[in-house]
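Peer 1: Here's the letter readout for the chains.
Number of protein chains: 2
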Amino acid sequence: MVERRKPIKVTEALQRLMEYKKYGGIQHTPIEDSYGRFLGQDLVADHDVPFFDRSPYDGFAIRAIDTNGASRENPITFEVIGEIGAGSVFTDNVGTRQAVRIMTGAQIPEYCDAVVMLELANEELVDGKPMFHLTRSVIPGENISFQGEDTKQGTILAPKGTYINPGIVALLATFGYKQVPTSSKPKVGIIATGSELLEVDEALEPGKIRNSNAYMVYAQLQRAGAEAIYLGQFSDDFDTCYKQVLDSLSKVDFLITTGGVSVGDYDYLPEIYQKLGAKVLFNKIAMRPGSVTTVAALNGQLLFGLSGNPSACYVGFELFTRPIIRTFLHAYHPCLKKEVAILGSDFSKANPFDRFVRGHLSYDNGRLVAIPVGLDKSNVVSSLGLADILIQLPGGTRGYERGMEVTVILLEDQEGATIDSFIKNNINARKELRHEY
Amino acid sequence: MVERRKPIKVTEALQRLMEYKKYGGIQHTPIEDSYGRFLGQDLVADHDVPFFDRSPYDGFAIRAIDTNGASRENPITFEVIGEIGAGSVFTDNVGTRQAVRIMTGAQIPEYCDAVVMLELANEELVDGKPMFHLTRSVIPGENISFQGEDTKQGTILAPKGTYINPGIVALLATFGYKQVPTSSKPKVGIIATGSELLEVDEALEPGKIRNSNAYMVYAQLQRAGAEAIYLGQFSDDFDTCYKQVLDSLSKVDFLITTGGVSVGDYDYLPEIYQKLGAKVLFNKIAMRPGSVTTVAALNGQLLFGLSGNPSACYVGFELFTRPIIRTFLHAYHPCLKKEVAILGSDFSKANPFDRFVRGHLSYDNGRLVAIPVGLDKSNVVSSLGLADILIQLPGGTRGYERGMEVTVILLEDQEGATIDSFIKNNINARKELRHEY
Chain B
91 MVERRKPIKV TEALQRLMEY KKYGGIQHTP IEDSYGRFLG QDLVADHDVP
141 FFDRSPYDGF AIRAIDTNGA SRENPITFEV IGEIGAGSVF TDNVGTRQAV
191 RIMTGAQIPE YCDAVVMLEL ANEELVDGKP MFHLTRSVIP GENISFQGED
241 TKQGTILAPK GTYINPGIVA LLATFGYKQV PTSSKPKVGI IATGSELLEV
291 DEALEPGKIR NSNAYMVYAQ LQRAGAEAIY LGQFSDDFDT CYKQVLDSLS
341 KVDFLITTGG VSVGDYDYLP EIYQKLGAKV LFNKIAMRPG SVTTVAALNG
391 QLLFGLSGNP SACYVGFELF TRPIIRTFLH AYHPCLKKEV AILGSDFSKA
441 NPFDRFVRGH LSYDNGRLVA IPVGLDKSNV VSSLGLADIL IQLPGGTRGY
491 ERGMEVTVIL LEDQEGATID SFIKNNINAR KELRHEY
Chain P
91 MVERRKPIKV TEALQRLMEY KKYGGIQHTP IEDSYGRFLG QDLVADHDVP
141 FFDRSPYDGF AIRAIDTNGA SRENPITFEV IGEIGAGSVF TDNVGTRQAV
191 RIMTGAQIPE YCDAVVMLEL ANEELVDGKP MFHLTRSVIP GENISFQGED
241 TKQGTILAPK GTYINPGIVA LLATFGYKQV PTSSKPKVGI IATGSELLEV
291 DEALEPGKIR NSNAYMVYAQ LQRAGAEAIY LGQFSDDFDT CYKQVLDSLS
341 KVDFLITTGG VSVGDYDYLP EIYQKLGAKV LFNKIAMRPG SVTTVAALNG
391 QLLFGLSGNP SACYVGFELF TRPIIRTFLH AYHPCLKKEV AILGSDFSKA
441 NPFDRFVRGH LSYDNGRLVA IPVGLDKSNV VSSLGLADIL IQLPGGTRGY
491 ERGMEVTVIL LEDQEGATID SFIKNNINAR KELRHEY
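Quick mapping for you: the protein sequence lines, in order, are chains B and P.
Under the numbering used here, the first residue of the first sequence carries the number 91, and numbering increases by one thereafter.
Under the numbering used here, the first residue of the second sequence carries the number 91, and numbering increases by one thereafter.
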């Protein structure tokens, strides 16, 4: 079945798609396994920080009133009556001109209201007793970190949807999250289509290639934060294919097919969508590669039809599937981040439609530099592994030269961008040569 | 035991440490689990790409010789005698002015030597038979992707030590790596020390704080690519501590202790190193934070003594532990990448020693911008999660202002840097205000 397809803009496709976004649930994950996931709830301080008045330095806890009048000419002598390490508490009385040796982080004794830093105390043993002399006065509260001065109990320290990096893990531990409320990962099924496909462990044979898209998408899903489920390859028979899709939909939150969306003779997907009663949101986008990227919705569930061409499949996933996955994870920045970069080599092709070129990000004296990868046949295969950006060249342009400014989409960045900023944040015309590089 | 400590430069510490680097083994990992690991062997093409002469377009496979003399005035008519989809092979004879309909990616029939693109063939049914007319000649080899033109069998497509991203996974699948030779992860033990520490699930009590460093380091280890093993907290008794360290060393490739390396009264580590017979490589570095970062070696095994202060612990890990882990993983860029950035806010403190400030990376029109995090008490806690760079300010400087150039260390970057480039790639003086920001 060959059908008429009406191309729409990338931004419109994204907007249509996002109307079908859905949010996943929450599960509790041991703190040791929380790195790389997303917070399913706000991270809240369960106590003041500091939890008690504490000493920021090694020194001596004293009563400030006892230092009145201290000077170089009139040093005041304190008797050291005890010591407290971090973690212990000093509850005895501290009287006039008495002091307690205190370690960094330890709680200020009840009867003290200031700390003298170790360096300012001239220590001496007098009759075998530890003493020190002080040559300046201190004020009440000096060198004390007060309870709650860093953070008050109940403060939201990181909102729901935050990517959990090592710093967030430190916060989770500090505030007692032995079990972390994380966003449940969406289950995303992958079905590979294409009669030319062999499985990875099959020997090559004439006319065939190994199925690489399914595994590439599998890794893209992992990078995006989803649980990938490889459901195998389509059969050649329509009814079996239909049943495969129908069965799969009951097992997953989203379904991806790779291949079979080109305008070819052997493409069952349009018919399958029709028989399922799925609404095709779009099946042609004014972009290269990936123009045949198709998305359909059935009972609120999304079916992504990604191209069988590896570059098109890769780009279609990052532009359209990733924001849906990150939204499911409650990420407040579901899209990839866009920035401006200098083009690191010429790209002379015409761009009749928006083009997304896989590229490698480097830097030149603090400026982002984008180098297209895989344009030469001689390195098209090995360069696949170098891609960490997409270079976005707007439709209706041509003749990009080294040194021009281009929009780049950062594939490895975890911070991301909102849908709105992703849509707006483009260089929409060819920017003239501006930068030496 | 309070001991004399002689500070050395960061670069010297790194060099001393790297003399004790070791490389881990290889294990086979299912391709589905390979994302985010490191290649333990070179990734080699097990076949030519393409594996056979194939068509890059939808069109008709023909014998070029039959097109001689074709022109607008003298169109030549071909009879379509069959069709081949991707994955199937056409083995019948193709005679004079005969053609085979061919799909993108399909193998060129044995008797054909060129492809006419679909758009250039004027198709027509003549007496119910499919025919097309051609108005230009083609040359032998036209529109054929020849066997091996992208990649020859035996080519190394990614060297041992490459970080496995989705593009690398696509290559692994293409070349039949159902089981991927990945670098074995080093087992790294973590012991937390400090009498003030509570476990994450313990209720707070006066004078105590929860152990957050161990879990932070746990996540840093995961980010670096290691297998983290939390071995618990030290006891207060020297002999028990000594036994804990001795036992732990037999279970791990590297051992990290957090806390207990400050010049305090309750610090067992120097004595433990001594009793073990471990050689202390350094125990004082001219840097802030993390000046007390200690590394000792015993029978070629490294013991990292990281500070109990969270910032110092974090920085000590990224500067010293990470390169050792990445080297174990055979990564050819074991250190973090350094770049130049514009300082996004003033940093007025003096830097008597090299200072590493946790910061957040942003961008301004294609330029890297580094904003220190956690300098204000009001946000010191929540800002922990924002850190994705370290801002390196050289010792002997002061009064950094917004807009100045600084060296930044990229914490989330997977590409990394060599030891040499990490050591050399610094701005060594305060760069005057140069950038509007």
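Hints listed in this document are in silico derivations from the structure and should not be mistaken for laboratory results.
Values in this document were obtained by computation on a predicted structure and should not be read as measured data.
Just to be clear, a hint being listed does not mean it is correct.
Covered stretches of chain B, going by a simulated chain P footprint (3 or more residues, C-beta under 8 Å) [unchecked claim]:
1) 112-121
2) 198-212
3) 245-258
4) 476-489
Note that the Cβ used here is the ideal one computed from N, Cα and C, for glycine as well.
Peer 1: Please go over all the hints and tell whether each is borne out by the structure.
Peer 2: Against the structure, the hints come out as follows:
1. Only residues whose beta carbon comes within less than 8 Å of a beta carbon in chain P count, and the stretch 112-121 of chain B has 1; fewer than three means the coverage is violated.
2. Residues of the stretch 198-212 of chain B lying with their CB closer than 8 Å to a CB of chain P number 0, which falls below the three-residue condition for coverage.
3. With a threshold of 8 Å between beta carbons, the proposed coverage of the stretch 245-258 of chain B by chain P holds, since 9 of its residues qualify and at least three are required.
4. Here's how the stretch 476-489 of chain B fares: 3 of its residues keep a CB closer than 8 Å to some CB of chain P, so the rule of at least three is met and the hint holds.
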